[in-house]
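Student: Residue numbers (this note's numbering), protein chains in the order written: chain A, 734 to 983; chain B, 734 to 983; chain C, 0 to 310; chain D, 0 to 310.
These aren't lab readings, by the way, just hints derived from the structure by calculation. We put the beta carbon where it would ideally sit given N, CA and C, even for glycine. Heads up, some of the hints might be wrong.
Listed next, the stretches of chain B that the computed footprint assigns to chain D, with coverage defined by at least 3 CB atoms under 8 Å from CB atoms of chain D [what the hints assert, rightly or not]:
id	segment
1	779-791
2	816-822
3	909-921
4	963-977
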Amino acid sequence: MDAKVQYLLRLGDNALVLSQRLSELCGKGPALEEDMALTNVALDLLGQARLWLTHAGELEGRGRDEDALAYLRDAHDFHNVLLVEQPNGNYAHTLVRQFYFDAWHYFQVGALAQSADVRIAEIAAKSLKEITYHLRRSGDLVVRLGDGTALSHEYTQTAADELWMYTGEAFQYDAIDEQMAAAGIAPPAATLRAQWLAHVGDIFAEATLAMPSPDAWMQKGGKTGRHSEHLGYLLAEMQFLQRAYPGAAW
Amino acid sequence: MDAKVQYLLRLGDNALVLSQRLSELCGKGPALEEDMALTNVALDLLGQARLWLTHAGELEGRGRDEDALAYLRDAHDFHNVLLVEQPNGNYAHTLVRQFYFDAWHYFQVGALAQSADVRIAEIAAKSLKEITYHLRRSGDLVVRLGDGTALSHEYTQTAADELWMYTGEAFQYDAIDEQMAAAGIAPPAATLRAQWLAHVGDIFAEATLAMPSPDAWMQKGGKTGRHSEHLGYLLAEMQFLQRAYPGAAW
Amino acid sequence: MSAEERAFQARIDDGIRIEPKDWMPEAYRKTLIRQISQHAHSEIVGQLPEGNWVTRAPTLKRKSILLAKIQDEAGHGLYLYSAAETLGVSRDELLQALHSGKAKYSSIFNYPTLSWADMGAIGWLVDGSAIINQIPLCRCSYGPYSRAMIRVCKEESFHARQGYDIMLALCNGTAEQKAMAQDALNRWWWPSLMMFGPSDANSVNSAQSTQWRIKLFSNDELRQRMVDQTVPQAEFLGLTIPDPDLKWNAERGHYDFGEIDWAEFHAVLQGNGPCNRERLRTRVKAWDDGQWFRDALVAHAEKHATDKAAA
Amino acid sequence: MSAEERAFQARIDDGIRIEPKDWMPEAYRKTLIRQISQHAHSEIVGQLPEGNWVTRAPTLKRKSILLAKIQDEAGHGLYLYSAAETLGVSRDELLQALHSGKAKYSSIFNYPTLSWADMGAIGWLVDGSAIINQIPLCRCSYGPYSRAMIRVCKEESFHARQGYDIMLALCNGTAEQKAMAQDALNRWWWPSLMMFGPSDANSVNSAQSTQWRIKLFSNDELRQRMVDQTVPQAEFLGLTIPDPDLKWNAERGHYDFGEIDWAEFHAVLQGNGPCNRERLRTRVKAWDDGQWFRDALVAHAEKHATDKAAA
Chain A
734 MDAKVQYLLR LGDNALVLSQ RLSELCGKGP ALEEDMALTN VALDLLGQAR
784 LWLTHAGELE GRGRDEDALA YLRDAHDFHN VLLVEQPNGN YAHTLVRQFY
834 FDAWHYFQVG ALAQSADVRI AEIAAKSLKE ITYHLRRSGD LVVRLGDGTA
884 LSHEYTQTAA DELWMYTGEA FQYDAIDEQM AAAGIAPPAA TLRAQWLAHV
934 GDIFAEATLA MPSPDAWMQK GGKTGRHSEH LGYLLAEMQF LQRAYPGAAW
Chain B
734 MDAKVQYLLR LGDNALVLSQ RLSELCGKGP ALEEDMALTN VALDLLGQAR
784 LWLTHAGELE GRGRDEDALA YLRDAHDFHN VLLVEQPNGN YAHTLVRQFY
834 FDAWHYFQVG ALAQSADVRI AEIAAKSLKE ITYHLRRSGD LVVRLGDGTA
884 LSHEYTQTAA DELWMYTGEA FQYDAIDEQM AAAGIAPPAA TLRAQWLAHV
934 GDIFAEATLA MPSPDAWMQK GGKTGRHSEH LGYLLAEMQF LQRAYPGAAW
Chain C
0 MSAEERAFQA RIDDGIRIEP KDWMPEAYRK TLIRQISQHA HSEIVGQLPE
50 GNWVTRAPTL KRKSILLAKI QDEAGHGLYL YSAAETLGVS RDELLQALHS
100 GKAKYSSIFN YPTLSWADMG AIGWLVDGSA IINQIPLCRC SYGPYSRAMI
150 RVCKEESFHA RQGYDIMLAL CNGTAEQKAM AQDALNRWWW PSLMMFGPSD
200 ANSVNSAQST QWRIKLFSND ELRQRMVDQT VPQAEFLGLT IPDPDLKWNA
250 ERGHYDFGEI DWAEFHAVLQ GNGPCNRERL RTRVKAWDDG QWFRDALVAH
300 AEKHATDKAA A
Chain D
0 MSAEERAFQA RIDDGIRIEP KDWMPEAYRK TLIRQISQHA HSEIVGQLPE
50 GNWVTRAPTL KRKSILLAKI QDEAGHGLYL YSAAETLGVS RDELLQALHS
100 GKAKYSSIFN YPTLSWADMG AIGWLVDGSA IINQIPLCRC SYGPYSRAMI
150 RVCKEESFHA RQGYDIMLAL CNGTAEQKAM AQDALNRWWW PSLMMFGPSD
200 ANSVNSAQST QWRIKLFSND ELRQRMVDQT VPQAEFLGLT IPDPDLKWNA
250 ERGHYDFGEI DWAEFHAVLQ GNGPCNRERL RTRVKAWDDG QWFRDALVAH
300 AEKHATDKAA A
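One chain only, chain A, in its complex shape (with noise of 0.2 Å):
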């Protein structure tokens, strides 16, 4: 498959896999703000998943639209990192896992819309004033429980300790990715890494949180398709109608 297809695939599965978990939580979040404040981002992700997916299916040429990505791969077809399907948890992993994959899409969509590819970029200038808005609601909330009461303090550093090894499979890059940075297209993992890091630990000194170590053992396999247990349940749930109603106009 040709790597910016493939690229592109991460991409939306991100954004689409993430919105997901986001949208189990409707009606459930901890007050009437972040219940909004949660479907509203999860409609952003599903919106910027559905133009990348889009793209992706066009470059491809084989006739799949996006619900035909969304709908008809199985795991091992998708592309996300592992970070966003990891289950939502207590609100503190919700948030934390939020804060992790925000910082980072901030910095590669950031990068993208400055890129030579000129759909890539307009979709990424257009998404970019989402995130933005979404990093800065997310790293604000880590401020404001990491320097909450002890309790809070407690779940998100608990939160950020254990969903830390699913941070680092951003910034490994691949040959795919090489070749998009080569490209002018994705940016440089280490500037990547270095932004991300430094954000990341601007956000954790303010939150009084301890910044675990970015040497620490980094889990991965989802951009090339080897997942947790979790991503199955996840599209098994998603697919359903798909799956089961063949062909059927919805």
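Dock chains B, C and D against chain A, hints included.
Tutor: Using the frame of chain A, we list chains B, C and D on its own:
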């Protein structure tokens, strides 16, 4: 659809869905002996489901085998009672659900073993040995938990109260059940209910549990395909592979 | 009637809005708090039956529309709680009443959503009924409530249209999809009619609410409006309304329809609906699980208020 | 060496089984407890990766076979804990050590099961490797362990065959199914080879265990046996073993194979496998959630013992 086919599907779906619920607990029981027992009951029920569904498919004559029936029907075509699709909850819920079901199953299948229909009587007789053991086990555990610690008493009583509203459906005969009763296949509803109430009453008395009122409001709908929201998720998971890879042999 | 009460009623009769700072009878305040908060609670609990299908929406576009709808509902909850707060009660007190079972929410949300078609039926029938209930309230006597209703109704009419559009797609789809749509109509029809409340003959407190202009039409009038509006839509979809007594009455210029099963209505109201327990538990769990989160936000704000004061 | 120790070793050298009541060196007892309990823990934890697919098994027959297998594993856990208990340690103590992270279980269960083909690959490769490890132990010096192993091996060989049968069905199936099988082989091959433990050069305590006849072949010998046995099976399936260095060595009469990634082996052992945290948490949660249940059984038994005593 033929009433007998429908009735067989009810039998098969009850066993299948409860087996599926129990199999979610593989390796997660509160003691190793429970792990073994749960898996064993799941296995027995699955075996029974296969016999009932296979027979239903043969009688129906549309070429549907056990797998077509288990994997290719959507929730509204499932005919199990609401009780069996209820989530596992804590282990008291799992056990009380099992006890309520086993007691009913025992008297129902006991009557079927005497029925005019040879094949049904045969399957019932075979199943009855297993069910006798299931009922002995679940009744015994209800006694031990009810008359165990204050905490286990409370959990068991709560589970008994909460699941009670799903027990009435089995005795609310509709046209299909009545037709089966008239044909000398199913036991009369009143007899079945009296046996069930008597047995549950005895066990609850021994367990020092308060028996909820037999006249309490009862939920219904499962037998005719109006389920709770839980069944759809159970099926999405269970049916994933058959749905995602149509026509494949496994 | 005191002079104050007479002046108050005169304002209402003249069509002048009552605003928070105005004097109002205690009973008016209480009735409004009950009515507005019940509506707010319904928006919040109403997220759940739809949330049940958002993860299984059949296309990304439908998922997106459904998410937006659920977000709107949370938003409606917010304005309605704010409207109630103008009457001197806090959102937390109102939620407390919901969680303890003291306050009600619309009983319709105690029915399960069993197929994707239910997303269509809820938009079409439930939001459709809600709009019929709410449109008159845009002109109700209490200012903040009337303004909240104007905003809500605008969005609800989108939701109703989107619901109908789901039904339309299903009815133009495969035989299985059409059966799904019919099944959803069968399950949601009667509960939607029950949304208007008991028949006028059995409705308490209506006269006072009518006089105060916080109830502008009788339950039966509004229910009739719903039937009259919906029957042709069902016909257009090619669906059958599950009421053998439904028939056009040329003399009345309305559809006649069958008797509502009030025993079911009361059973659900008393907590025996298929999902009463789960809906409330889900909300209570969300609230309880979120305690540490809300506490943290308060603690953080206080710390930093202190920082600033100290600086 | 004391006289007791000499006599003990002489019994072993003569091929006489050591039984629980016999004298044994403390180190022998400890080594056995560690080895047997680690095996028991592996059976228990090993239920989880398979439990992950039992609810999604593609046919009722396959589901039934898988359930029976998982039940067998719990059974193996039971006999093995019983064998360990003959050495003067309780099952609860052993579980405590598992839950605290002090005791190990086979690292292979820290890999995720990502497709149905993994149920095939686990049976074929993981149970296959387990059998190769365990068959010699049927002749080990400690009686209860040796007898447990005989029972376990009999059932394991079924499991291995059932696993191979799953692979066969997939490899005779659609292109997608065959790809699933290949992917599973790719993921499970190396971890299965790692199951035999470090290379002899780096293996500690082997000499003593060999002398005591609780280790009968070296890790590398057993690993070679696994490779030699499995390569033709993979060929028959039409699958490619993910090792470019794999090659028949006519001179040795064995397959040569590539270097194992010992860094990965140690990472997983140290807790960094994809599922270490989840596997242990699942078990600890099951245990903690079950505390009230186990307490109740004890309380009930005590009550009724008292009843009888009082009678």
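Student: None of the hints should be skipped; say for each whether it holds.
Tutor: Cross-check of the supplied hints:
Under a criterion of three residues with beta carbons nearer than 8 Å to beta carbons of chain D, the stated coverage of the segment 779-791 of chain B is upheld, 5 such residues being counted. Using a Cβ-Cβ cut-off of 8 Å, 0 residues of the segment 816-822 of chain B lie near chain D, which falls short of the minimum of three, so the contact claim is violated. A stretch counts as covered by a chain when three or more of its residues have a beta carbon under 8 Å from one of that chain; for the segment 909-921 of chain B and chain D the count is 0, and the coverage is violated. Chain D is given as covering the segment 963-977 of chain B, and this holds because 5 residues of the stretch bring a CB closer than 8 Å to a CB of that chain, at least three being needed.
Of the numbered hints listed earlier, those contradicted by the structure are 2 and 3.
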